[in-house]
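Chemist: The listed protein sequences correspond, in order, to chains A and B.
Sequential numbering of the first sequence, starting at 1, is according to this note's numbering.
Sequential numbering of the second sequence, starting at 1001, is according to this note's numbering.
Keep in mind that the hints were calculated from the coordinates and are not lab data.
Here the structure is a predicted model, which means the values were calculated and not measured.
In this text, a Cβ means the ideal position worked out from N, Cα and C, and glycines have one as well.
Mixed in with the good hints there might be a few duds.
As the list claims (entries may be wrong) - Ranges of calculated distance between the beta carbons of each label pair, as one might list FRET restraints: (1) A/60 / B/1170: 48 to 56 Å; (2) A/57 / B/1133: 51 to 59 Å; (3) A/27 / B/1113: 32 to 40 Å; (4) A/41 / B/1084: 41 to 49 Å.
What the hints assert, rightly or not - Simulated crosslink set (SDA-like; lysine to any residue; CA at most 20 Å straight-line): (5) B/1071 / A/125; (6) A/120 / B/1098; (7) A/70 / A/113.
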Amino acid sequence: MNSAHIQMLLAEDSASDGDLILASLAKVSLAEATHVVHDGVETLDFVFCRGEYADRSNEPPLRVIVLDVKLPKLDGFEVLREIKAHSRTRLIPIVLLTSSNIDADIARGYLLGANSYVQKPVNFEQFRETIRQLGLYWMTTNEAPPSKHLAERLRPAPE
Amino acid sequence: MREEPKVRERVDALVGFVEVTRDLTERRKEQERALSDAQALKAVNAELEAFTYSVSHDLRAPIRQIEGFAKILEEHLGDSLDPQVEHYLHRIQEGSQQMGRLVDDLLHLAQLGRQHAKPRITQLDALVDQVLTSLRAEILERGIICRVGALSALECDPGLMKVVFTNLLSNAVKYTRRSEQPVIEIGQLVTDGIPVIYVRDNGVGFDMKYVDKVFGVFQRLHRAEDFEGAGVGLAIVSRIIRKHKGTIWAEAAPDKGATFFFTLGTEAQQAVTASG
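Here chain A stands alone, though its shape is the one from the complex (with noise of 0.2 Å):
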């Protein structure tokens, strides 16, 4: 599959919500950049190159990983911890997409790392303004995390 465009991965089970986020996302030109996977599994093999994903070039790297907390196979914390064990994804900003605003959930979320909290609000009108500005914010105005090669560079002594 050609990669070389894709900025943002969506991790989002949910096809009508998935939809919803597109659109969302095509009102500001940024769906062309999204890929969308369907579980904790799919979310890890597209982010590390295996599986139905093994041919994936990881350059340029993914500038924003957003996750649904409630995802099936791995769920939204395990696969967060996952990518930010390895050195070689862990720079990758996260954000957690979810209905959840229980403070527990939050914690834990910043606690394994997650660069971002937002709650999918119910109303349509100011879920597309979230999800407008969340793109724009992630794909346009924040800073890519620096290359592979300086990623590496940085690594910290081993866990």
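Once you've looked at the hints, dock chain B against the given chain A.
Modeler: Frame of chain A, contents of chain B only:
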């Protein structure tokens, strides 16, 4: 010499003990029954709250999807949209938005159930001022007269008490919408040495034969076209007052306004109730 009295003591104690044991057993059984009833009730309540929480939480996504796709469909059809189709699409969006507000209110109510009141001495005047400030736009626009009497500093959870005043005062603002000169009064009485706070309005009021319904969840005494709302506000208020071991009641008459009174339990009162 030293053992003999001990044995006698034991024998004496044993004789008396038979009687006492029987009494204690009965009593303990009662206590155990009461305890297990209380535990069962607590468990059922907790389960009910967890159920309400998860239902209202899980309903959020499909509600957003219905509203979202109706909106996107409307935008896709653009100028070619038949007015009748547009009308129906708006109805779908209004319906799902209304359901969204309802679910949010229900979620709020369920979250309240899990929250414990953290009481501290609170200036009620200051809370009322904050709430009135947040309602200022409509109060000024409609020329509503607000009379705020002196209120005590009482022991209560300030965050929860702000929710109480927000609901009572926004209701007063809402239900005086048809009054020629709306008047809202907030004040305090003292009955049997206990402070009673009240919020009074001269709005549409209600028939006292429905008074038992006003504090129920999803109970509404007015048509949605006349006065919007999901019927959750006063249920929230009543729940918060109960959390403070207080009581709430209302007096009203159709087209003559409504007054809501409440008390807050104090530590001393709770001690009296518990020992009584």
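Chemist: Does the structure keep residue 1071 of chain B and residue 125 of chain A at a Cα separation of 20 Å or less?
Modeler: 9 Å, holds
Chemist: Within 51 to 59 Å: is that where the Cβ-Cβ distance between residue 57 of chain A and residue 1133 of chain B falls?
Modeler: 57 Å, holds
Chemist: Do the Cβ positions of residue 27 of chain A and residue 1113 of chain B conform to the proposed distance bound of 32 to 40 Å?
Modeler: Holds, since residue 27 of chain A and residue 1113 of chain B (Cβ atoms, about 39 Å apart) stay within the stated range.
Chemist: Could you say whether the range 48 to 56 Å given as a hint is met by the Cβ separation of residue 60 of chain A and residue 1170 of chain B?
Modeler: 52 Å, holds
Chemist: Mind checking the alpha carbons of residue 70 of chain A and residue 113 of chain A for me, to see if they're no more than 20 Å apart?
Modeler: Since the Cα atoms of residue 70 of chain A and residue 113 of chain A sit roughly 17 Å apart, the hinted pair holds (cutoff 20 Å).
Chemist: Does the hinted range 41 to 49 Å hold for residue 41 of chain A and residue 1084 of chain B at CB?
Modeler: 47 Å, holds
Chemist: Run the distance test for residue 120 of chain A versus residue 1098 of chain B: straight-line Cα separation, threshold 20 Å.
Modeler: 17 Å, holds
Comparing the model with each numbered hint stated earlier shows that all of them hold.
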